[in-house]
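Just need the whole structure built from these sequences, with the hints factored in.
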Amino acid sequence: MLSSLVRKTTLQTSFRCFSRQFGRRHASSHSGRSTTTTLSLRRSFRAGLTGGVLAFVAAGVFGINHIRADSQAHAYDDQDKLDGMSKDSIGVLLRTYIVYSMCSIPGLIDVAPKMLDVLTSIPVAREITQAFVRITFFDQFVGGDTALQVVPLLRDLRSKNKGALFAYSIEVDEREAASATTKKATDVEPPYKRIVNEMIRCIDVAADFEDSIVGDAPTGRRTWVAVKMTVLLPDAKSLINLSSYILAARKPLPEEVLFPGCPRPTDLDVLYDGRLPSSNLLTHDDIVSLRELHSDLRRICVRAKECGVKIILDTEYSWYQPAIDALQYSLMREFNNYEDGSAHVQPLVYGTFQAYLRRSPSYLAQSFEDARKHNYVLGVKLVRGAYHPQEVAAHQARMKGAQSMSISPEPLPPVWTSKEETDKCYNECAKELVAKIKEDIEESATMSNVVNFRKGPSKGKGPRIGVLFGTHNWTSTKLILKELVRSRLASIEGDIEEGVITVPDEVTERLTLGQLFGMNDALSDYIVQRTRSNAPMVIKYVPYGALSEVMPYLSRRAIENKSVLVMALHKKKDDEREDRFGLG
Numbered sequence: 001m002l003s004s005l006v007r008k009t010t011l012q013t014s015f016r017c018f019s020r021q022f023g024r025r026h027a028s029s030h031s032g033r034s035t036t037t038t039l040s041l042r043r044s045f046r047a048g049l050t051g052g053v054l055a056f057v058a059a060g061v062f063g064i065n066h067i068r069a070d071s072q073a074h075a076y077d078d079q080d081k082l083d084g085m086s087k088d089s090i091g092v093l094l095r096t097y098i099v100y101s102m103c104s105i106p107g108l109i110d111v112a113p114k115m116l117d118v119l120t121s122i123p124v125a126r127e128i129t130q131a132f133v134r135i136t137f138f139d140q141f142v143g144g145d146t147a148l149q150v151v152p153l154l155r156d157l158r159s160k161n162k163g164a165l166f167a168y169s170i171e172v173d174e175r176e177a178a179s180a181t182t183k184k185a186t187d188v189e190p191p192y193k194r195i196v197n198e199m200i201r202c203i204d205v206a207a208d209f210e211d212s213i214v215g216d217a218p219t220g221r222r223t224w225v226a227v228k229m230t231v232l233l234p235d236a237k238s239l240i241n242l243s244s245y246i247l248a249a250r251k252p253l254p255e256e257v258l259f260p261g262c263p264r265p266t267d268l269d270v271l272y273d274g275r276l277p278s279s280n281l282l283t284h285d286d287i288v289s290l291r292e293l294h295s296d297l298r299r300i301c302v303r304a305k306e307c308g309v310k311i312i313l314d315t316e317y318s319w320y321q322p323a324i325d326a327l328q329y330s331l332m333r334e335f336n337n338y339e340d341g342s343a344h345v346q347p348l349v350y351g352t353f354q355a356y357l358r359r360s361p362s363y364l365a366q367s368f369e370d371a372r373k374h375n376y377v378l379g380v381k382l383v384r385g386a387y388h389p390q391e392v393a394a395h396q397a398r399m400k401g402a403q404s405m406s407i408s409p410e411p412l413p414p415v416w417t418s419k420e421e422t423d424k425c426y427n428e429c430a431k432e433l434v435a436k437i438k439e440d441i442e443e444s445a446t447m448s449n450v451v452n453f454r455k456g457p458s459k460g461k462g463p464r465i466g467v468l469f470g471t472h473n474w475t476s477t478k479l480i481l482k483e484l485v486r487s488r489l490a491s492i493e494g495d496i497e498e499g500v501i502t503v504p505d506e507v508t509e510r511l512t513l514g515q516l517f518g519m520n521d522a523l524s525d526y527i528v529q530r531t532r533s534n535a536p537m538v539i540k541y542v543p544y545g546a547l548s549e550v551m552p553y554l555s556r557r558a559i560e561n562k563s564v565l566v567m568a569l570h571k572k573k574d575d576e577r578e579d580r581f582g583l584g
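The sequence shown begins at 1 in our numbering and counts up by one.
What the hints contain is simulated information worked out from the structure, not anything from laboratory work.
Errors might be hidden in some of the hints.
Here are the simulated SDA-like pairs of lysine to any residue, each with C-alpha atoms no more than 20 Å apart in a straight line [to be verified]:
hint, residue 1, residue 2
1, Lys438, Ile492
2, Lys251, Val231
3, Lys160, Glu171
4, Lys373, Thr266
5, Lys251, Arg264
6, Lys482, Arg530
7, Lys251, Ser362
8, Lys251, Pro409
9, Lys160, Leu93
10, Lys431, Leu479
11, Lys373, Ser330
12, Lys305, Asp208
13, Lys373, Glu442
Encoded structure:
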C-alpha cells in the first residue's frame, strides 16, 4: 500500500513539473520556430522523459526492503518507530522513504553524479531534475536556501529540545583544488568574500534567534555556526601548499604525532615574517591569500564573540589538515583565552578531531597539554571522519607513484584501515574527554572555593574544555551517557541502560551530542528522551544554501548513507543466516 502510494505521488509530481516546464517553453517558442528548433524541442522532450524516468526509478525502488540509516544497523522496537512516525507528516515520511531507499542501491548512487551532470546540462531535463532533487535530497538534508529561511526549522528543533549547528554549506571542488591555476574573479566582490560575509550573516541570524529564546543568558545558547576554511580563499590549493611547507619546516618532537602531525606556535610565522621562503612550496600569492584568510577568520570570530555564538571549524581531507590545524590553534589561543574575561562563552572556537585518523589518541593528548600550557580553553568536536575511501585511494596512488592529492610522507595511510579500529579509537577518545570534563569541573569547583574564601574576583570559574560528540553510532552514544553516570557527572533514575539521566548545567556547558539534519532522528530523539537538562543535549547539523551550492554536500550524504545501508544490509543477512543455521 505504502509502496504504491509513493510511486504514484512521485510520478505525479514529476509529471506536473515536466508538463509545466515543457508547456512554458513550448508556448514561448511556438511562433516562427525553425526546423532546428523543432529538433531541439524533441531532444528536450526526450531529455524530459529521461528526468521523469529518473523519478520513476526512484519511486520503483520501494519493492526492496527498507533499511534504516544507522551506523551499525541498530535494531529498535517497532513501537519506537511508530512513536517517531506519529510526530511527522506523511509527506516527510514519504520523502525519507524515497531518499533512503535510493541510497540503499549502490549502483544508483555510484552513477548519480554523472547522471546529474548530464541531466542538468539539458534544457527541460534540468528543471525536472532540480525539482526532483529539491523535493527529495535537498528537503531531507538541507534546512533552506538562506539563513533566514532556516529560522522556522531552528524554532521547531528547539521546541523538541534540540539545538542546531548552522552551516552555509558550500564546498570546494577537489578537481579544481588539484590544479595550481587560480580562477580570476569577474565579480566586483570575489566569491570567497561573499562566503565570508554570508558566514557573518549566519552568525547574526543565529544570535538573533538565540536572543529570542534565551535572552541575555550567557549559557544555554545552542545555535552554533560551522565554518569551512577551503571556501574562504581564492584557491584552496594555497592551503595544500601551506600544509606541505609546514610538514617540511617542522622540527621533530620527542614524542612525534603521526601525519598530519600536531600544530606548533611557529607554523604561521611564514605568513608574517616578511620573507618569501627559500623553498618553492609557497608562492607570494599563497602567502597573500593565507594572510587574508587568517584575517577573515579572525573577523568571523570577533563577530561570534560579540554575539555569544560558538564557532565550529570543520575538517577537510588530510592534505589540508596541517594548515587548518595551525589556523584553528591560532584562533583558539586568541579567542579561547581563559584570562580575557569572556569565560561565559567559552570555548568560543571548536576544532574538529577525526577518530579515523591514526594520529588521534596522541594528537588529543598533545592538544590537552598545549591548552594547559598556553592557558586557553580547548574546544573539541569529535567525529569519526567523512573521507575514508578518498584518503585510502589517494594514499595508494601516492605509494604507486601516480598523481595524488596525498602529501603524507608515511608508508601507512593516515586513516585506520578498518571500521572496527575507528570505532575503538572514537570510544577511547570519548572516554578520555569525559574524564577531562570531570577533571575540569572538579578543578573549577576547587578554584571557586578558594576565590570565595579570599573574597577575590571570580576569574577562573568557567570551563577549560568543551566537547561536541558528533556521532550517529548507538553504541558510542550509550557509552558517553554511561560514562557521565559512571563519573558521577550526571544522576540516573532507573536502569543504567534505559533510565532517565539528569545532567547539571556545569556539564551541559561543556558537553553536547550532535547528528546531521535528516539523519538518524531516532538517535537524536533517544538522547532527548533519556536526558533532562536546562540546555539541549542534542544539536543537529543544519546546512543551508542554494541547490547548486549544496550539491557536493548532498553527494557526500548520499555516498555516506550508501555505505551505511549496504553494511546494514550485509549485517541483516548475516544475522538471518545465523538465526537460520543456529550460528548465533
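We went through each hint and held it up to the structure:
no.: 1; hint: Lys438 x Ile492; verdict: 17 Å, holds
no.: 2; hint: Lys251 x Val231; verdict: 30 Å, violated
no.: 3; hint: Lys160 x Glu171; verdict: 30 Å, violated
no.: 4; hint: Lys373 x Thr266; verdict: 15 Å, holds
no.: 5; hint: Lys251 x Arg264; verdict: 10 Å, holds
no.: 6; hint: Lys482 x Arg530; verdict: 11 Å, holds
no.: 7; hint: Lys251 x Ser362; verdict: 17 Å, holds
no.: 8; hint: Lys251 x Pro409; verdict: 15 Å, holds
no.: 9; hint: Lys160 x Leu93; verdict: 18 Å, holds
no.: 10; hint: Lys431 x Leu479; verdict: 8 Å, holds
no.: 11; hint: Lys373 x Ser330; verdict: 14 Å, holds
no.: 12; hint: Lys305 x Asp208; verdict: 14 Å, holds
no.: 13; hint: Lys373 x Glu442; verdict: 19 Å, holds
In terms of the numbered hints stated before, the structure departs from hints 2 and 3, listed from lowest to highest.
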